[in-house]
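J.: Sequence:
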Amino acid sequence: MGLTDSIIGFRRSLKRKNYSRCTVRDYMSTLRQFVIWLDCPIESVDRKKVLAFIDHLLDRRLSPKTINCYLDSVRSFYRYLKDEEGIEIENPVKSGYLLRLPKPLPRFLRDEEVGKLFAAVDNVRDRAIFYLMLRCGLRVEETAALKIDDLDLRRGTIIVRSGKGAKGRMVFISTDAHSAVMEYLRVRPAARTRALFLVDKGALKGKSISVRGIQKRMELYAGKSGLKASCHELRHTMATQLLNAGADLTVIQDLLGHSRIATTQRYCRVSNLKVQKDYYKAMELVVQRTSPEWREGGS
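Numbering of the sequence shown is given in our numbering, commencing with residue 1 and proceeding in unit increments.
Keep in mind that the hints are not guaranteed to be accurate.
To be verified - Each computed EDC-like pair below joins lysine to aspartate or glutamate, with the alpha-carbon atoms no more than 16 Å apart: (1) Lys216 / Asp200; (2) Lys224 / Glu113; (3) Lys167 / Glu43; (4) Lys82 / Glu113.
Read the hints as simulated data drawn from the structure, not as lab findings.
Build the full structure now, drawing on both the sequences and the hints.
T.: Spelled out as structure tokens, the structure:
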């Protein structure tokens, strides 16, 4: 079987495993770039060649996360060649080759910044979009993929069917987000598509709004309000606000759709208000039990 046929077979394998369309697209794109870069047959790739490819990606100033995505797709392709095509070939991409990723603190908007941002949002559709991100913790991809049927406004719930890693979940709609969505639905144009959010002007009017379309709207309003804000920061903001309000970490994990609690625990590092409250509450008990002044007063 030729290389082209193997790549096509790999694509089919990813689809059979129910990888999302975006993941399949990214795997194909990065794998093709690896093949184009190669100056030898795919069967001849060894560890030195993989390390040279990593150096090539570093020279292009790609981020560690992006480079790891390249390595993951190449490693998965070699795994496919061995497991599904029966080719006896050593996988040249070792787990130790993955770059260490920085662990930056999640960026979030403070209350006054949220107010400033939303004051600049003068479009009914965009207001509904950003309220769902802020109050429901939706990712931009999840928001763009929402269908009208995913909303149960009577019960105040949304079914997120296209979550990261093909994991669905249920989230809840706050009163202000509910009002924003209702206001949008009253002016949403009739369309054949069941997509919730539609393009409202231009050649694509009436079509489902894209991820990039939502991001561009955020860039517009961030510029108007003088803030450095992104769609994902609205999600971070919800998590931080809930934690500061005393919500349990496992509840926030479920709402955000995190597979690992460690991912959610990152918000504990930025939620200073929650840490401060817990510190003073616990320290008050410690002082009462151990303070010399307290002991003398009680004797």
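J.: A separate judgement is required for each hint: does it hold in the structure or not?
T.: Verification of the supplied hints:
no., hint, verdict
1, Lys216 / Asp200, "holds, 14 Å"
2, Lys224 / Glu113, "holds, 12 Å"
3, Lys167 / Glu43, "violated, 35 Å"
4, Lys82 / Glu113, "violated, 53 Å"
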